[in-house]
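Spelled out from the first residue to the last, the chains are:
Number of protein chains: 2
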Amino acid sequence: MLSKARPILEDTIKDMFSTALPTCFKLADLGCSSGPNTLLFVSEIIDVVYELCQQQNCKLPELQVFLNDLPGNDFNTVFKSLPFFCDKFGKEKGDLYGQHCFISGVPGSFYHRLFPSKSLHFFHSSCSIHWLSKVPEGISNNKGNIYMATASPPNVFKAYQEQFQKDFSLFLRLRSEEIIQGGRVVFTFISRSTDDPRSKDCCLIWELLAKSLLDLAAKGLVLEADIDTFNLPYYHPYEGEVREIIEMEGSFDIDKLETFATNWDANDDINNNNFVFDKDQCGRNVANIVRAAAEPMLVSHFGDDITDELFKRYAEYVGEHLCVEKTKHINIVLTMTKKE
Amino acid sequence: MLSKARPILEDTIKDMFSTALPTCFKLADLGCSSGPNTLLFVSEIIDVVYELCQQQNCKLPELQVFLNDLPGNDFNTVFKSLPFFCDKFGKEKGDLYGQHCFISGVPGSFYHRLFPSKSLHFFHSSCSIHWLSKVPEGISNNKGNIYMATASPPNVFKAYQEQFQKDFSLFLRLRSEEIIQGGRVVFTFISRSTDDPRSKDCCLIWELLAKSLLDLAAKGLVLEADIDTFNLPYYHPYEGEVREIIEMEGSFDIDKLETFATNWDANDDINNNNFVFDKDQCGRNVANIVRAAAEPMLVSHFGDDITDELFKRYAEYVGEHLCVEKTKHINIVLTMTKKE
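Protein chains in written order, with the UniProt record's numbering: chain A, 1 to 340; chain B, 1 to 340.
Here chain A stands alone, though its shape is the one from the complex (with noise of 0.2 Å):
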């Protein structure tokens, strides 16, 4: 996902330092996460920024980067691999990172503030702005569902939608407290292919997992009416939606909105000119992609006993959808300037 928008990250940089870099370049990245791609991002602008400086034949300027997440990320892991990134971008770049980059963890939602007024000039998230700042209320009638799905009563759309809505004018109005007038952002997160949220590319990889957990329910692994009482905070909001919520919150202007579509299982790019495709082992792929993201929701609502049988079968289940569809993943990429 950072590969589609790493150009539009670099242009949206030089861009805005088209003229003169600051003194110095703060910045965060919202929902950073910690695993391998968490310093991806912190790599790729002192990339950007040093390139930039070497075109304009001007002083490095120093980077105060924040990672944020919940309370609950591993940001020990992410601080114990800090050492490590000096080293590598000392070695290739001088004394870039030791003299240059400062980099903090920002623990918090960022539903809520997170930075003092006015004090960043660039915002980036990705994969993150999906994620809901709660389970949208009113939807006790999705049973058997665990998100929106073909299958949903109409008011679990509605109340879907409005949550997003709700959500993300939200987190706008904070972000633009937040950071100087003329900065930017650049958001990629997923969203779907069309105004219905009906549509393959948005319910059904998690009606997939629902399936999953009523088959756990059927050799009564589960209790069905754990499965009727569990929905997901995620939506994939339509382009449409989108730019109107950003309209109307009126503090950002829109430079650019893009969509591409991905494969779910990221090896199987375009690209990776070596795939072949094997459906228990793209599967399985995407199983451990979405695990990842929802387990912790999954253990604290059904417990951890199930989770690895019902990952087993859910790459079961994906696995044999993509060998009758290659159902695709659309992302939005979303860069904005603040107003004056």
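Quick caveat, the hints were computed from the structure, so don't treat them as lab data.
One thing to keep in mind: the hints can contain errors.
Which copy? The list can't say, so a pair holds if one copy fits it or any two copies do.
In silico DSSO-like cross-links for lysine-lysine, where the CA-CA straight-line distance does not exceed 30 Å [said to hold, decoys possible]:
hint: 1; residue 1: Lys59; residue 2: Lys339
hint: 2; residue 1: Lys93; residue 2: Lys143
hint: 3; residue 1: Lys166; residue 2: Lys80
hint: 4; residue 1: Lys118; residue 2: Lys339
hint: 5; residue 1: Lys91; residue 2: Lys143
hint: 6; residue 1: Lys88; residue 2: Lys279
Remember, it's a predicted structure, so these values are computed and weren't measured experimentally.
Since chain A is already given, all that's left is putting chain B on it; use the hints.
Relative to chain A, chain B alone:
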């Protein structure tokens, strides 16, 4: 220790903002650790700023607090405790925390740059600056000791002193680059009562640990050669030395440099009317504090098999010593202003 430094911390902040508070007060706690005291400093600061605002009848400034410690510090535990901390403050002082206080974690050694140039108003550090950046070089003849000891050869004292001079000068230079002109610092750290580094309030607490290690060597649990090659990266400076280094480095004006004595066992405090001296309990209390500080270094040198036995023996030695004489820690509290 913080209770003794509290009035000085309060006076410094009040003096600093006697005319007006900034829009956003930016400060850092260096060597924040991850125990019950980690957020005590933030809590004190919020109290002082809140009080100042009420006195000046002004809008509460935003607070940006950077908690710093080495990348191996358990920031996850600190971060997980933040929501409870905020709730508590929210209840006591309205929306003070949620709207105004932004806490982040900064992993790294304070013997490196940690923050952008001129980006902070205030530095605090409690019980950290007596840790050196490394064990001094050239002290391989300090056999049977693990720190400066009465029986150490003269070069050992010199090597420790020089390492502190180098480290503390560097520390001052780095902080002076990060703080604004007129910015303040309040540092509290452990020192000694006389110019003579052989003094009991300096060496003894570690001599008893060396003695405990040698007991384990006599039992065959530790190799004597391993003790000979182990030395602590620690230094108890005399206040005269501290003053001289600050004056030589030249970035800060000393506002106050005071010392105060505390009992090795913090429970054995003059304000604790209920305290009954129990040598076993006191020995264990002191051993627990020393263990918390030194265990990671001991484990990485001697392995983790001996630590329980070592600190049991150590607690006995400390208890026996405290029956004979209540040797004190000598603490320095130092406040300074960044020069124009």
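Right, here's what the structure says about each hint:
no.	hint	result
1	Lys59 with Lys339	both (28 Å within a copy, 26 Å between copies)
2	Lys93 with Lys143	neither (56 Å within a copy, 43 Å between copies)
3	Lys166 with Lys80	between (36 Å within a copy, 26 Å between copies)
4	Lys118 with Lys339	both (12 Å within a copy, 28 Å between copies)
5	Lys91 with Lys143	neither (56 Å within a copy, 38 Å between copies)
6	Lys88 with Lys279	neither (37 Å within a copy, 52 Å between copies)
Checked against the numbered hints above, the structure violates hints 2, 5, 6; every other hint is satisfied.
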